[in-house]
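There are 2 protein chains.
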Amino acid sequence: MAEKTLLVYGGAGQLGQAILKTFKLIDAWKVISVDFRASQEAHESVILSGDVEADVTRVAEQLTAGGVQLDAVVCVAGGWVGEDIKSKSIFKNVDKMHKFNVESSIACSHIAAHFLKPEGLLVLTGASAALNPTPGMIAYGITKAATHHLVKSLAAPGSGLPENSAVLAILPSCLDTATNREAMPNANFDDWTPLEEVARLLINWTSPDQRPVSGSLVQLTTNAKVTQFIIS
Amino acid sequence: MAEKTLLVYGGAGQLGQAILKTFKLIDAWKVISVDFRASQEAHESVILSGDVEADVTRVAEQLTAGGVQLDAVVCVAGGWVGEDIKSKSIFKNVDKMHKFNVESSIACSHIAAHFLKPEGLLVLTGASAALNPTPGMIAYGITKAATHHLVKSLAAPGSGLPENSAVLAILPSCLDTATNREAMPNANFDDWTPLEEVARLLINWTSPDQRPVSGSLVQLTTNAKVTQFIIS
Chain F
205 MAEKTLLVYG GAGQLGQAIL KTFKLIDAWK VISVDFRASQ EAHESVILSG DVEADVTRVA
265 EQLTAGGVQL DAVVCVAGGW VGEDIKSKSI FKNVDKMHKF NVESSIACSH IAAHFLKPEG
325 LLVLTGASAA LNPTPGMIAY GITKAATHHL VKSLAAPGSG LPENSAVLAI LPSCLDTATN
385 REAMPNANFD DWTPLEEVAR LLINWTSPDQ RPVSGSLVQL TTNAKVTQFI IS
Chain X
205 MAEKTLLVYG GAGQLGQAIL KTFKLIDAWK VISVDFRASQ EAHESVILSG DVEADVTRVA
265 EQLTAGGVQL DAVVCVAGGW VGEDIKSKSI FKNVDKMHKF NVESSIACSH IAAHFLKPEG
325 LLVLTGASAA LNPTPGMIAY GITKAATHHL VKSLAAPGSG LPENSAVLAI LPSCLDTATN
385 REAMPNANFD DWTPLEEVAR LLINWTSPDQ RPVSGSLVQL TTNAKVTQFI IS
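Protein sequence lines, in the order shown, are assigned to chains F and X. When we follow this note's numbering, the leftmost residue of the first sequence carries the number 205, and every step to the right adds one. When we follow this note's numbering, the leftmost residue of the second sequence carries the number 205, and every step to the right adds one.
Read the hints as simulated data drawn from the structure, not as lab findings. Computed from a predicted structure; not experimentally measured. For glycine and all other residues, C-beta sits at the position ideal for the given N, C-alpha and C.
Example chain F residues on the side facing chain X (calculated, C-beta under 7 angstroms, incomplete):
no.: 1; residue: Asp288
no.: 2; residue: Lys290
no.: 3; residue: Val298
no.: 4; residue: His302
no.: 5; residue: Ile310
no.: 6; residue: Pro337
no.: 7; residue: Thr338
no.: 8; residue: Pro339
no.: 9; residue: Ile342
no.: 10; residue: Gly345
no.: 11; residue: Ile346
no.: 12; residue: His353
no.: 13; residue: Ser357
no.: 14; residue: Ala360
no.: 15; residue: Gly362
Quick look at which bits of chain X chain F covers, simulated, 3 or more residues with Cβ under 8 angstroms:
no.: 16; region: 287-293
no.: 17; region: 362-368
List time: in silico DSS-like cross-link candidates among lysine-lysine, alpha-carbon distance up to 30 angstroms:
no.: 18; chain 1: F; residue 1: Lys292; chain 2: X; residue 2: Lys296
no.: 19; chain 1: F; residue 1: Lys208; chain 2: F; residue 2: Lys321
no.: 20; chain 1: X; residue 1: Lys290; chain 2: F; residue 2: Lys228
no.: 21; chain 1: F; residue 1: Lys234; chain 2: F; residue 2: Lys321
no.: 22; chain 1: F; residue 1: Lys290; chain 2: X; residue 2: Lys234
no.: 23; chain 1: F; residue 1: Lys234; chain 2: X; residue 2: Lys292
no.: 24; chain 1: F; residue 1: Lys292; chain 2: X; residue 2: Lys321
no.: 25; chain 1: F; residue 1: Lys290; chain 2: X; residue 2: Lys321
no.: 26; chain 1: X; residue 1: Lys292; chain 2: F; residue 2: Lys296
no.: 27; chain 1: X; residue 1: Lys300; chain 2: F; residue 2: Lys296
no.: 28; chain 1: X; residue 1: Lys290; chain 2: F; residue 2: Lys321
no.: 29; chain 1: F; residue 1: Lys300; chain 2: X; residue 2: Lys296
no.: 30; chain 1: X; residue 1: Lys228; chain 2: X; residue 2: Lys321
no.: 31; chain 1: F; residue 1: Lys292; chain 2: X; residue 2: Lys300
no.: 32; chain 1: X; residue 1: Lys228; chain 2: F; residue 2: Lys290
no.: 33; chain 1: F; residue 1: Lys296; chain 2: X; residue 2: Lys296
no.: 34; chain 1: F; residue 1: Lys429; chain 2: F; residue 2: Lys228
no.: 35; chain 1: F; residue 1: Lys290; chain 2: X; residue 2: Lys208
no.: 36; chain 1: F; residue 1: Lys303; chain 2: X; residue 2: Lys292
no.: 37; chain 1: X; residue 1: Lys303; chain 2: F; residue 2: Lys296
Construct all of the structure, not just a fragment, from the sequences and the given hints.
Printed below as a string of structure tokens:
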């Protein structure tokens with residue numbers, strides 16, 4: 205069987221590392237990380253500078269030099285911040301969320317359009333919160349709504365993605381990360397989605413017959429240690 | 205009757221000037237333009253530098269110095285560009301559309317939150333196209349989807365807008381501007397929305413009893429010289 209290759213934007217973060225680790229263990233994938241620092245779990249890491257166009261050029265050069273085509277591209281880079289429209293921080297926050305959430309999604313999608321194999325998989329990260337109004341987190345909400353629109357647009361005919369490829373969004377509510385446990389020590393961790401559940405879901409989706417229809421937004425919700433995937 | 209004041213972001217553009225002119229003529233409003241150049245139709249013009257936070261600070265200082273409170277804030281700044289996700293221009297286009305469409309909407313909304321009177325009106329510009337996938341205009345589509353989400357979020361409780369104020373979006377299909385006539389000389393101009401129709405619609409909305417419910421996205425469509433407003 206030919207080697208399968210996964211590229212993860214945000215591969216040095218907690219979710220990114222869990223995804224790389226799971227793909228390596230369960231299915232012997234070759235895994236590439238793209239992030240601001242090297243990922244301990246990756247076979248190869250591309251280090252970001254923060255200039256999105258230059259960064260994507262560098263990723264493309266590295267993939268081209270290695271003759272690599274990708275089976276799956278996953279974007280779990282991103283960030284959260286909260287503010288209302290009156291806040292003075294709105295301008296800095298909109299700029300930051302645009303860079304973190306929108307530019308990373310666009311970068312991954314552009315890479316997928318050029319390097320994904322036919323029947324390949326592109327996964328971006330949306331947010332359950334952004335399916336409804338977000339008056340207390342304007343910058344986060346508008347960038348996640350933009351990501352949802354991107355997923356639907358990339359699933360439409362003529363988007364430029366390879367034949368029979370699929371683009372899906374995961375919309376987490378709360379992920380069970382060390383950072384979240386530190387920030388919310390009194391929460392019920394049984395209602396948070398384990399990172400390994402997300403990784404296993406993505407592995408399933410790499411098989412074309414185990415995917416929701418391209419363009420789907422898939423909410424991840426966990427209650428009492430049971431995780432459900434709600435497709436919209 | 206106390207003087208009523210309108211602020212238009214993009215007041216030097218074709219639609220902006222038509223709005224300022226109509227508000228002055230029909231209802232004797234005081235009209236302020238914010239744009240990269242002075243507006244011929246405005247009583248006062250604030251000239252933009254392109255640094256959104258500095259620009260908003262300047263607008264705020266000018267309004268505060270004049271003791272001005274606003275009855276209506278309208279954002280008709282913005283732009284259009286087309287590309288698919290494979291295009292090399294996607295990164296520059298996303299950056300440009302973010303500045304043109306998102307930053308101007310955020311700027312107007314922040315100004316409205318601080319200077320709008322109770323029962324005041326905030327109007328942002330969305331796009332009918334962005335109600336559906338936009339594979340051939342990714343940058344435009346995601347920034348207009350972000351604007352739609354902003355409008356819905358600002359209409360939600362706790363958004364920071366003044367009491368009983370309303371936020372609405374106009375979603376034009378094609379406006380009958382000199383620029384569009386030049387670009388598409390063989391189109392049927394009878395199916396384009398006249399700028400004065402938009403201006404008159406906005407004047408109606410300045411009366412609280414003539415507004416759709418806050419948070420509405422209002423599509424403007426014109427067929428055979430008849431313009432319809434479809435509320436969603």
